[in-house]
Structures are given as C-alpha cells and as structure tokens.
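**Q** Since chain C is already given, all that's left is putting chain R on it; use the hints.
Line by line, the protein sequences give chains C and R. Counting with the working numbering, you get residues 1 to 441 for the letters of the first sequence. Counting with the working numbering, you get residues 1 to 437 for the letters of the second sequence.
Think of the hints as simulated: they come from the structure by calculation, not from any bench. No residue lacks a Cβ here, since even glycine has one placed at the ideal position from N, Cα and C. Accuracy of the hints is not assured; some may be wrong.
[What the hints assert, rightly or not] When the alpha-carbon atoms are kept at most 30 Å apart in a straight line, the in silico DSS-like pairs for lysine-lysine are as follows:
1. C:LYS367 <-> C:LYS159
2. R:LYS203 <-> C:LYS159
3. C:LYS247 <-> R:LYS9
4. R:LYS90 <-> C:LYS159
5. R:LYS352 <-> R:LYS339
6. C:LYS367 <-> C:LYS184
7. R:LYS203 <-> C:LYS250
8. R:LYS122 <-> C:LYS52
9. R:LYS52 <-> R:LYS88
10. R:LYS122 <-> C:LYS159
11. C:LYS69 <-> C:LYS345
12. C:LYS159 <-> C:LYS345
13. R:LYS339 <-> C:LYS159
14. R:LYS308 <-> C:LYS155
15. R:LYS52 <-> R:LYS203
16. C:LYS247 <-> C:LYS302
17. R:LYS110 <-> R:LYS122
18. C:LYS159 <-> R:LYS110
19. R:LYS111 <-> C:LYS159
20. R:LYS187 <-> C:LYS155
21. C:LYS345 <-> C:LYS155
22. C:LYS302 <-> C:LYS155
23. R:LYS308 <-> R:LYS425
24. C:LYS155 <-> R:LYS122
25. C:LYS367 <-> C:LYS52
26. R:LYS187 <-> C:LYS345
27. R:LYS9 <-> C:LYS159
28. R:LYS339 <-> C:LYS155
29. R:LYS308 <-> R:LYS352
30. R:LYS9 <-> R:LYS339
31. C:LYS302 <-> C:LYS159
32. C:LYS159 <-> R:LYS52
33. R:LYS52 <-> R:LYS111
34. C:LYS389 <-> C:LYS159
[What the hints assert, rightly or not] Covered by chain C, per the in silico footprint, the following chain R stretches (three or more residues, Cβ under 8 Å):
35. 166–180
36. 243–255
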Amino acid sequence: MKLWKSALVSFGLLLLVLFLAACSGGNEETTDDSGNTDTDTETTDENTEEEKVTIVYARGVDTTGANEKLVAAFEEAHPNIDVEFREMPADTGQQHDQYVTAFSAQSAEIDVFDADVIWPAEFAQANYALELDRFIEADGINMDDYFPGAVAAGKFNGKQWAMPKFTDAGMLYYRTDIVDTPPKTWDELIEQASSLNGEAGTQFGYLMQAAQYEGLVCNAIEFIASYGGQIINENNEVVANSPETVKAIKKMQEIVGSDFVPDNILNFMETETETAWIEGQAVFARNWPYMQASSNDTERSKVVDNVGITTLPAGDAGSAATLGGWMTMINRYSEHPEAAWEFVKFMTGAEGQKITATEGGSAPTLKALYDDAEVQEASPLFANPEFVKVLEAAVPRPVTPIYPEISDILQIELSKALTGDQTAEDAAANIQTKIEEAMSE
Amino acid sequence: MKKFQLNEKQLGYAMVIPSLILVFVVTLWPVAQSMWNSLFDYRLNDPTRSQKMLDANIDLERYADNYFYIGNQLEALASSASGENTEKVKDIQQNIESYHEELLSDDQIKKDIAIIDEMLMKYQPVTDSELKYQQIDNDFAVDYRQALQSYQEDLTAIAESTSDDQLSDQFEQTAGLLGATSNTILKSNFIGLDNYVKYFKDKRMWQSLWNTTFFTIISVGFELVLGLAIALLINRAFKGRGLIRASVLIPWAIPTAVAAMMWGFLYDGQSGIVGHYLEVLNIIPDASWLLSTSDGAMFSVILADVWKTTPYMALLLLAGLQTIPMSLYEAASVDGATKTQQFWSITLPLLKSSILVALLFRTLDAFRVFDLIYVLTGGGPANATESISIYAYETLFAQQNFGEGSVLSVIVFICVAIISIIYVKLIGSELISGKTR
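Next comes chain C alone, as it looks inside the complex (with noise of 0.2 Å):
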C-alpha cells in the first residue's frame, strides 16, 4: 500500500509538472496574441475606421520579384488587411506534403496558398480548402471568363475550390541562332538536336526533366499524349497499358540514353534545365513558359534575343503540352476567410494576374488578358495566338484525390524505364497494374 502511495505521489507530480508546462506554453501563446490585437487596434484607431486584419500568404520560392509586387498592389488597394507572405519549398511534392501536415492538424497558421493544378480534388476531399462558390456568386465573377481548363482543375464534385491563378504547358525553346526551321516531330528533334548540337558553343541538342519527380510525370505525359495514349480515361478507367504508351515511353528512352542531352539528365529538374538554357549550353529545351523571362534577362542570361519558343514536337498522334499552372486556395480553417477571398479575387482577377503576367513571365488564365496591350508587351509568346491555342487545349494529369499516390507509382516507374532497369512494356504493365490497385483500395 505504502509503495502504491508514493507512486501515486511521483505520478501526480509528474502530471503537473507537465501541466504547468502546457499551461505556460498555452499562456504565451495568449500573450502573444492579445498583444497583437493590442497593437492592431492602435493601428486601427490613428489609420482606418475598420480593423486590420493579417492574412498570411504562402507559396513556393518565387525567382521573378512579381509577388511582391503583388502584394505591395494589394495592401495599397485594401489598406485594412495586411499581407504576410511565407516562402515554400520549390520542389511541388515537398510543397504539398508541408500543406497537408499543416492543414491535417487543422492549423490556421496560413490563410490563403497556392496550389499546383494537381491538388485541388485531393484537398478539397479532405475538407482542407473552404469552397469558393457562395463567394464567387455574391462577387458576380464569371468563370466562363477564364480558361475552361483551369477552371475545371479546380473543380471537385460540382464545386469550385480554387481559382485560377496563372496557366502553364509544356513549350518547346529553340536557339534562333541555330535554328531555322524547328522541329514539327519527335523524330526530326533528335535529328536535329544531334546534328546542330555543338554549334555556337553548345554542349547538348536538348534539355528535358527527367529527375525521379513531379516534372518527369509532365514530361513523360505529353509524350503519351502525342503519341495517342493515356493514363486514366475519361470513365475513370486506368487505360496506361497500350501499345502508344510504350511507344512513348520508348522515344522517351531514345533521347534519354543519346548522346546529345547531358549525361546527367536523370537529375534535371527546372532549375537545372533553366540554368543550362541561360548559359547557352543547350539548342532545344522543354520547359514552361516561365523560362521566357529568364531566357530575355539581360542580367542573367548569355541568350538574349536568340530564343524562339514553339510548340512541343508531335507524334503520330500530334502535339501535345501538359497542363501546369497554379490555383489560389484558401484554407479551411483561416480565421479570415473574408480578407482572404479579398485577396483571392485581387490576386486572380485582372489586375493581379496582369502583375504576375508582366512581372512575373506567367501566362494568364484570364482570357481578356491576352489582348492587353502591356500584357503583350511583356512576352511575344503572350500575343502569340498559337500560343494561346496550346494553353486552352493543354492535356490536364490524371484528376483525382489520390493523385499523389498515382504520381508517385509514375515516377518510380519511368524512371526505372529511363534508367535501363525495366523495358519501355514493362514499366507501361506495371504502370497499369499498379494504379488499378492504387484505385481499387
């Protein structure tokens, strides 16, 4: 009885010793927070009549210098809410794993973020975005003003989750000093990137993303798609395993293993792509709009006005680009879900998006914008009515809230096909089998 007794005694102490520190721990956090409010009501009194809000804004690394001036328009704009902007990992699955940590303990640390194209039905799914509709009605914004595609990646089980906020696909670059007439096929690119490789002072005919990432699923699907095949049909049926496909997959192994991409080309992300186009080292390159801007950087780039951009080369099935791009979300448990839409709209709406456009290099999802006199100005490409052509018709990644887990069954497998350790049949059966498990659980 006595040694129940003491027990009993260190156990009460060590439970409130751990209480006093949850209390401490709890009593700080209220401190901070009433300080806060203390401050921002001062602010209130001397500036505005309305209070001040602070919305926290996350994203991935932004190179370009456009999103502060985003925001800098925005609080200049709606001077009663702040905006606090947080940086995320470039790499996109890094991006999305920390949203899902932080959105699954349901935080409401970050107000509104943006999305990559894929995670829309993943998040809307598990209840981490706050849908948009009763917003976008009481607004009047109308979607048939923005491009169908877009607007449809942001969309799940009849509801709108995300806004559009810039578009992307898959572009063909070329060196226009190099190159007269470019490449219509994926048969003539590799004539031609073998041929002209090394003139100029190149080193490789092309530059891809083939790395074990979300940027090899996007390579490795227009490749599918111009050669006629793909991975999940419209009836939600997995439909990877035909004879496209593996055909695909083998001209993909074709350029891989030649001898005019890097020989490090299994570790090429965008980046990498990036800074070997802008040191001149390469003729062609598949990357996304965005490395125009770079491309035309006097500071940066050794290939100022040498970069013609084209659509990427067709197979039997003709040619076909990879829908990217980013939504605007916002957080399910924001505490100011008012201020974020505000900023939302801002951000999505003409005048944001024509900041991300002319700043930023990053195509518009709103189509009026494309007939902007500065919006035009800013890129060829966006005057560039083919251009324009190959956004609208872009093929979207499979749709569906286990997207991460069918990208990583992709990856894992292309890569292997890539590396030699699978046949081009191989990886296409494996592909097959395994989202058909993936999709059945």
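**A** Relative to chain C, chain R alone:
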C-alpha cells in the same frame, strides 16, 4: 504512531517510477499508437476514413451541410418532374425525412446538429472531433446508407431516361448529393492485419528494406574500419593532436541536410569536382554515373554517409582506446611483441565491447536513414535509394495514409528491435564472459 517510511526496496522502486512513466510516455506509447493505427484503414485525406472507428459513425458536419440542401432540391425536383417521377421523388423525400427523424431521436445528436447548423451558417469549421463524429447504431447506419445509395441509383436512372436536358441535369445533381450524403455515414474502418498482409506481398517494401539493409551494412562496415584507423591515429601523442581531433569532428557537426546538399553539388554530373576526379582516376565510368544510375546513386549515398559519420565512430572508439592501460603495451613490448601483435592481442580484444556499442549506435542510426537520402537523391533514380523510412514518409505524409504508413513504421521498429536484441545479446555475453574469467 510509527512514522510513514519506505523500506529500501520500496524506496528504490519509488525512485524509478518517474523514469518508467517517462519511458512509457515517450517511447512505448508512440509505438503502441502506431501499432494501433496500423490496424485501421486510416487516411487523413479521405473523409470517410479520416477517423479510427470501431463502430459506425456519422460525420455530422458534412451530414448537416448536405441535409440542408436535400429538402430544397427534392422539393424542386418534385415540382418540376411529372407523373410517376413526382411520386418517386416524394416517396424518397418522405423516407429520408423519416430516417432523419430517427437519427434525431437521439437527444445528443439533435443538440449537436443544432450547434453545427449554427456554425455552418457562420462559415465556421467544426474542429472539435467529439462534436463532429457521433457514434450511431450499426444496423441503422447500414440501412440509411443503403437507402441513400439506392435513391441515388433511382434518380440517376430517371436522369438517364429523361429527354429534357435541364431536368436531367437537375436529377443528376440531386443524385450526386444523395451519394455524397451516404458517404457521411461511416463504416468501421478496422481491418485488422490486412495492411500487414498487403505489405508482406509488396515488392516495393521488400526492395526498400533491402536498400536499407545494404546501405547499413556497407556504410557501417566502412565506418568501423576508417573510424578505428582514425581513433588509433589520434590516440597517439603528437604535436597538434587537439587540432586534429577537433577538425576530424567537423563532418559530424554539419547538419545532415546541409551535408547532403553540399554532396549534391560535389556529385553534380557537369560541375561537381568529386564526380570529375573520380572519373579522371578511372574509379567510376563517368561523372554523371554518380547520381544518374541506380548503382551510382547508392554509392553516392553511402560515400556521403561514411564521410559524415566516421568521426562519430572514431570518437566512440577513441574513448574505448583510452581505457586500455599503457602498462599492458609496455609489458608486451618487453616480451618482444611487435606492434601488429600488440594490436591483435591487446587492442582489439579489450576494445571489443566499445566496438559493439559503437556498432549498435551506428547500425540503428543507419537503418533509420532518412534526411541524407531525402535531400540527396529523393529516393531515385529508379527508386534505387529508397530506404524504408523514406517509403514510410511518402505513405504517411505525401499520401496521408496513416494506416499503411504506420505499418511501415512498425516494420522499422521491429527491425530496429531485432538489431538491438542481437547486439545486446553480444554485448551482454561479452560482459559476462569477462566476469567469469
């Protein structure tokens, strides 16, 4: 009256109880929690499986949100449909209402729905899971869910047979709403050992387990040999020994993620100097081999790990070396033993338990390798460097699949436990044999 006093034995127990509780809270509880999680089909990003449920439950937040629309939509359908369809819709409406009444017959649920309705009107999320999830009767849950699903099918069938596009759309939408509502009534997601069975058959799990084992054995092997050499070197008295000892420790002091990024640049196929010199020395076929091939990536990861943790091994062994009395070596040299003989007959046997302890620490560390690989190769290319911890991370955090991810964590735990038991057995027998001699 005798004063309350513990005897020595009781006092001893009383002293260790707090630490036992700590051990329980800090180590055993999370493991038990993981094991418990691994018995469920538990996915955070799937609202029907985002809670561990042994019995049927209802997600009141979503249910209340959906129910708010159901009445109006069915009403609208009944007025725009014609003939037997109107009858059908009215029938459905009545049935759903009666199910809803039955649900509300539970006073607690009725009260909670009222609170939630109010919160929904103000856009407030329901974060309190006690409020959000309510246990309901299993049979009732099955009935209600099946009823909603069959109504969904009925309405879809009507939508398909209706020629009026707008009306068909309307039916389609309400059908979708009913389907979504049926998903708010949750089944138990307890699946026992199914997850383990799945991973037992999963090639990727075995591959990553093999990658981890290979990585552990090779890198710890190299670290032992190099660490011992360094320890012997800095155990000797020479000028500037303090400086050497401190500088040897630098790799260990650099955070792993930083070291991994650094090695990433050194290995780079175009500008990395390590890749360049290894190529010049004909050790590797070409500079890009390091990170672009399966074998090369594994080699790179091991090399970076050996560089990083050899100092730690050296430090542990140095501590062991310093406990060996100099008199033994003096006696040996008087007897005419060479330096090599001294090493094999004095140093190694006396260092054995230090070596085992150092090996235990490093093996466990290496087996849980995560940050180095995550930053350096991300598990690629061709998934050749994916360790079991990386796989667990992918499943737990990228895919939010806590049930299956927990299985992988438990597998890591079991492997670590087996390794520890083997070493502890070896160390233990070592100590005992030392005693009896």
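**Q** Taking the hints in turn, state whether each one holds.
**A** The hints, checked one at a time:
Our distance criterion of 30 Å between C-alpha atoms is met by LYS367 of chain C and LYS159 of chain C, whose separation comes to about 22 Å. A distance of roughly 39 Å separates the Cα atoms of LYS203 of chain R and LYS159 of chain C; the hinted pair therefore is violated under the 30 Å criterion. The suggested pairing of LYS247 of chain C with LYS9 of chain R is violated, with an alpha-carbon distance near 77 Å, which exceeds 30 Å. The straight-line distance between the Cα atoms of LYS90 of chain R and LYS159 of chain C is roughly 26 Å, inside the 30 Å bound, and the hint therefore holds.
The suggested pairing of LYS352 of chain R with LYS339 of chain R holds, with an alpha-carbon distance near 18 Å, which does not exceed 30 Å. The suggested pairing of LYS367 of chain C with LYS184 of chain C holds, with an alpha-carbon distance near 27 Å, which does not exceed 30 Å. Restraint check for LYS203 of chain R and LYS250 of chain C: satisfied, since their Cα atoms lie roughly 24 Å apart, inside the 30 Å limit. Pair hint LYS122 of chain R plus LYS52 of chain C holds up; C-alpha atoms about 20 Å apart against a cutoff of 30 Å.
With a CA separation close to 37 Å, the supplied pair LYS52 of chain R and LYS88 of chain R exceeds the 30 Å bound. In summary, the hint linking LYS122 of chain R to LYS159 of chain C is supported, as the alpha carbons are separated by about 19 Å, within the 30 Å threshold. With a C-alpha separation of about 16 Å, the suggested pairing of LYS69 of chain C with LYS345 of chain C holds against the 30 Å cut-off. Only pairs whose Cα atoms come within 30 Å are accepted, and LYS159 of chain C paired with LYS345 of chain C is accepted, the gap being roughly 17 Å.
A C-alpha spacing of about 79 Å is found between LYS339 of chain R and LYS159 of chain C, which places the hinted pair above 30 Å, so the restraint is violated. With a C-alpha separation of about 47 Å, the suggested pair LYS308 of chain R and LYS155 of chain C falls outside the 30 Å cut-off, and the hint is violated. Between LYS52 of chain R and LYS203 of chain R the alpha-carbon distance is near 27 Å, which keeps this suggested pair within the 30 Å criterion. Of the supplied pair hints, the one linking LYS247 of chain C and LYS302 of chain C is violated, its CA atoms being roughly 36 Å apart against a limit of 30 Å.
The hinted pair formed by LYS110 of chain R and LYS122 of chain R meets the criterion: a straight-line CA distance of about 19 Å does not exceed 30 Å. Taken as a hint, the LYS159 of chain C and LYS110 of chain R pair is honoured in the structure, with Cα atoms around 28 Å apart against an allowance of 30 Å. Under the criterion of a C-alpha separation no larger than 30 Å, the hint pairing LYS111 of chain R with LYS159 of chain C is consistent with the structure, at around 29 Å. Proposed proximity of LYS187 of chain R and LYS155 of chain C is supported: the alpha carbons are some 27 Å apart, at most 30 Å.
Between LYS345 of chain C and LYS155 of chain C, the direct Cα distance comes to roughly 17 Å. Compliance with the 30 Å bound is thereby established for this hinted pair. A distance of roughly 41 Å separates the Cα atoms of LYS302 of chain C and LYS155 of chain C; the hinted pair therefore is violated under the 30 Å criterion. For a cut-off of 30 Å, the pair hint linking LYS308 of chain R to LYS425 of chain R stands: about 28 Å separates their Cα positions. Taking the CA atoms of LYS155 of chain C and LYS122 of chain R, the gap is about 23 Å. The hint holds against a cut of 30 Å.
Pair hint LYS367 of chain C plus LYS52 of chain C does not hold up; C-alpha atoms about 34 Å apart against a cutoff of 30 Å. Between LYS187 of chain R and LYS345 of chain C, the direct Cα distance comes to roughly 39 Å. Violation of the 30 Å bound is thereby established for this hinted pair. Of the pairs offered as hints, the one joining LYS9 of chain R and LYS159 of chain C is violated, with about 68 Å between alpha carbons and a cut-off of 30 Å exceeded. A C-alpha spacing of about 76 Å is found between LYS339 of chain R and LYS155 of chain C, which places the hinted pair above 30 Å, so the restraint is violated.
Distance check on the hinted pair: LYS308 of chain R and LYS352 of chain R sit about 23 Å apart at the alpha-carbon level, within 30 Å; holds. For the proposed pair LYS9 of chain R and LYS339 of chain R, the alpha carbon gap of about 51 Å is over 30 Å, so the pair is violated. The straight-line distance between the Cα atoms of LYS302 of chain C and LYS159 of chain C is roughly 46 Å, outside the 30 Å bound, and the hint therefore fails. With a CA separation close to 27 Å, the supplied pair LYS159 of chain C and LYS52 of chain R stays within the 30 Å bound.
With a C-alpha separation of about 24 Å, the suggested pair LYS52 of chain R and LYS111 of chain R falls inside the 30 Å cut-off, and the hint holds. Using a Cα cut-off of 30 Å, the hinted pair LYS389 of chain C and LYS159 of chain C holds, with the two alpha carbons roughly 26 Å apart. Proximity of the segment 166–180 of chain R to chain C, defined as three or more residues with a beta carbon under 8 Å from a beta carbon of that chain, is established by the 3 residues found. Against chain C, the segment 243–255 of chain R contributes 0 residues with a C-beta closer than 8 Å to a partner C-beta. That does not satisfy the three-residue criterion, and the hint is violated.
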